[in-house]
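The whole structure should be built from the sequences, with the hints applied where relevant.
Residue numbers (my numbering), protein chains in the order written: chain A, 1 to 315; chain B, 1 to 337.
Warning: the hint list may mix true and false statements.
[As the list claims (entries may be wrong)] If you want the ones that stay clear, here's a sample from chain A, every Cβ over 12 Å from chain B, calculated: (1) Ile5; (2) Gln64; (3) Leu65; (4) Tyr68; (5) Gly75; (6) Asp76; (7) Ile79; (8) Val132; (9) Ser134; (10) Val175; (11) Ala177; (12) Arg214; (13) Gly217; (14) His227.
[What the hints assert, rightly or not] Some chain A residues close to chain B (C-beta under 8 Å, calculated; not the full set): (15) Trp11; (16) Ser138; (17) Pro144; (18) Leu147; (19) Val252; (20) Val268; (21) Ile290.
If you're looking for bench data, these hints aren't it; they were derived computationally from the structure. Note that the structure is predicted; figures quoted are calculated from it, not measured. Even glycine gets a Cβ: it sits at the ideal position worked out from N, Cα and C.
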Amino acid sequence: MAAVILSRLRWAVVVLVAVCVIAFLLTFIVPTDPARSILGSRATPEALARVRASMGLDRPPLDQLLGYLGRLLQGDLGISYKLGSVRVLDLILAKLPATILLAFAGVAVGLSVGSVVGVAAARRPGGVIDRVASIASSFVVSLPTFLIALVLLDVFAARLGWVPIRDTDFDPLDVRALALPAIVLGLAVMPQYLRVCRTSMREQLGQDYIRTARAKGLSERRTVWRHAMRNALPTMITQAFLDLGFLLGGVVVVESVFGWPGIGRQAVAAITSEDIPVLMGTLLLSTLCIVLANLAADITTMLLDPRTQEWDTSR
Amino acid sequence: MSRRRAADDTHTHHAEVGTRHDSGMRAEADPSEVGDIPGLTGRSRTWSLLRADPGWWLGITLLAAIVAASVVGPLLLGRAQGQLFRDQMPLDGSALPPNDMFLLGTDRAGHDLLSELLYAGRATLLVGIAANVAALALGTLVGLVAGYVRVARLGLVGGRQVTIPVEDLLMRITDIALAFPVLLLAIAVTTVVRPSLGVVVIVIASVLWTTTARLVHTQVVQVRSADFITAAVAMGVGQRRIIRRHILPHVAPLVSVLLPLGVAATILFEASLSYLGAGAPASSPTWGFMITDGAASMRTDPRLPLLPGLAIACTVLAFSLIGDAIESAMDPRRTVR
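Have a look at this one:
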């Protein structure tokens with residue numbers, strides 16, 4: 001087990017380095033001159049050359065890459081092109097808590113609603129709950145998230161005034177401000193938990209060991225939640241970890257619609273203003289989140305499903 | 001149950017397998033293939049279940065109507081894409097409500113909304129289907145090869161062998177691709193490259209194959225340690241046959257469900273890209289582009305963002321209904337009514 005985790009960790013490092021290199025290559029593809037981004041379009045050639053030299057941009061690419069990786073190891077993500085001498089790391093750390101809060105709130109809403117309804121639907125396929133849940137989730141899943149967000153904003157913020165309107169300074173811990181974004185995010189991820197839960201639950205409920213459990217007189221609740229759920233769970237947990245990793249890297253759309261002060265909206269702004277270091281920093285952080293989430297998903301799957309464990313330890 | 005009865009059961013079981021595999025491969029007895037419907041298995045079973053499913057027919061009808069309207073509709077209306085009717089527009093800069101000349105009214109710039117919606121339907125369907133088919137093909141191939149091949153041994157010149165950890169390699173590449181923040185990357189790319197529908201298709205396909213690869217891989221991993229695979233291997237069944245007869249049947253339901261559902265997801269993904277200003281170009285707008293374009297009028301004229309939203313919802317719903325119908329028809333526990 002420990003050996004497996006160790007090998008996964010090793011791979012995680014490889015993935016991270018690969019992504020760093022690819023992100024670094026992106027800066028060569030992007031047709032913007034960092035020196036010009038910093039100094040503006042009316043800078044003299046001498047000033048541009050001086051800035052390039054001070055940033056080490058006149059050195060060979062491999063040199064630059066090694067320098068970049070070296071600075072990354074020290075936790076130095078560079079300095080923003082646009083916001084004076086602000087460190088990118090500080091910019092991102094300032095916005096990260098809001099994103100973490102939103103991501104966890106959204107997944108919590110989606111996972112809890114999805115799994116409870118999913119189990120109920122799987123127990124009586126074709127029943128009332130199954131039909132209502134399937135129609136409701138078909139509807140939700142058919143609409144672009146940002147359209148749902150725009151409509152809810154229009155109704156609850158603009159017309160009813162229950163929640164603060166976008167682009168206002170608000171405290172991320174204000175529940176009223178968190179409610180709408182979390183619900184929209186929860187709605188966006190809920191249908192897949194519902195689907196995954198219902199599908200794997202139905203699959204499990206058709207297995208022989210469930211018939212055995214029922215035949216030996218176990219209560220239905222115990223059969224479903226203890227026996228079947230244990231086998232249906234790995235897929236859902238994997239999904240939850242992947243979602244969380246993905247969302248922690250920036251809830252781009254929802255943050256943009258609601259003006260939520262997270263790293264996703266900051267990154268979109270950085271792309272628009274060609275502030276490459278901020279974009280690269282966010283890309284790396286997002287990647288880190290996703291890699292860690294993948295690792296967590298793998299490990300949990302192994303812990304929960306002995307079959308995959310067998311295969312992995314046989315290596 | 002008496003011993004005799006059990007013996008009878010075994011006997012009929014084998015007899016059935018014998019008739020199903022006329023090629024004489026009795027070793028292929030696979031409990032999940034035999035099913036609970038005598039004389040009706042595999043493809044014909046799926047079809048008869050689909051034919052009895054109202055959701056399937058609703059989805060197919062809806063999709064056929066949308067495709068027909070997008071393909072034929074603009075020809076019937078006879079208005080060029082992007083054609084402006086400035087002389088008809090009110091002076092205060094607002095959009096025209098529905099009237100005899102413009103069945104759904106115009107947008108604020110002076111385009112016929114119905115005509116633009118139909119043209120946008122072509123672009124939306126094109127992006128959705130093309131990007132998803134490409135993504136799905138790549139993802140399935142990667143997942144299948146990674147899950148089953150696991151390790152490849154290549155003979156080198158001079159009798160030496162190299163071992164390639166195919167599974168690790170492919171799944172780690174998938175991890176690297178999965179680890180890239182998809183939306184940010186897509187925005188970054190489309191702001192660098194001049195956006196066109198082709199670029200959008202390539203960008204979406206190259207970021208969306210990873211989910212399929214992972215799902216297919218997980219499925220193969222769960223199947224490959226099953227007893228019937230071990231039995232087949234022990235009986236000397238060839239690798240190709242194991243993949244075709246034992247692995248693929250367990251992956252096929254997943255893929256045939258992911259195909260329509262993936263189109264739905266792709267259309268929604270493109271809409272998000274459009275909202276962030278990195279989707280289809282203004283010269284060939286999609287529905288996502290039109291929603292974004294009309295979002296500012298949500299309070300004053302909700303028709304502008306909501307009609308393209310409705311179009312997306314109907315299309316995505318059609319694909320989802322088809323996907324759901326296929327999923328439940330392939331469920332081995334369903335019985336034919």
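Reported absence of Leu65 of chain A from the contact zone with chain B (all CB gaps over 12 Å) = holds, 17 Å
Holds or violated: is the Cβ of Ser134 of chain A farther than 12 Å from all Cβ atoms of chain B?
-> violated, 7 Å
Just double-check Asp76 of chain A for me: nearest Cβ-Cβ distance to chain B has to come out over 12 Å.
-> holds, 21 Å
Does the claim that Val132 of chain A lies off the interface hold, with its Cβ farther than 12 Å from every Cβ of chain B?
-> holds, 14 Å
Examine each Cβ of chain B, and state whether all of them lie more than 12 Å from the Cβ of Ile5 of chain A.
-> Holds, because the least Cβ-Cβ distance between Ile5 of chain A and chain B comes to about 15 Å, which exceeds 12 Å.
Supplied contact hint for Ser138 of chain A, tested at 8 Å Cβ to chain B | holds, 5 Å
Restraint check, 8 Å cut-off on beta carbons, for Ile290 of chain A near chain B | holds, 4 Å
How about Pro144 of chain A: closest beta carbon in chain B under 8 Å, or not?
-> With Cβ-Cβ at 4 Å, under 8 Å, it holds.
Regarding the hint that Val252 of chain A lies at the interface with chain B, is the smallest CB-CB distance below 8 Å?
-> holds, 5 Å
Taking the minimum C-beta separation from Gly217 of chain A to chain B, is that value above 12 Å?
-> At roughly 20 Å from the nearest Cβ of chain B, Gly217 of chain A sits farther out than 12 Å, so the non-interface label holds.
Can the hint on Leu147 of chain A be confirmed by a CB-to-CB distance to chain B that is less than 8 Å?
-> Hint holds; Leu147 of chain A Cβ to chain B Cβ min 5 Å, cut 8 Å.
Non-interface claim for Ala177 of chain A versus chain B (Cβ beyond 12 Å) | holds, 20 Å
The structure fails hint 9 only (numbered hints given earlier).
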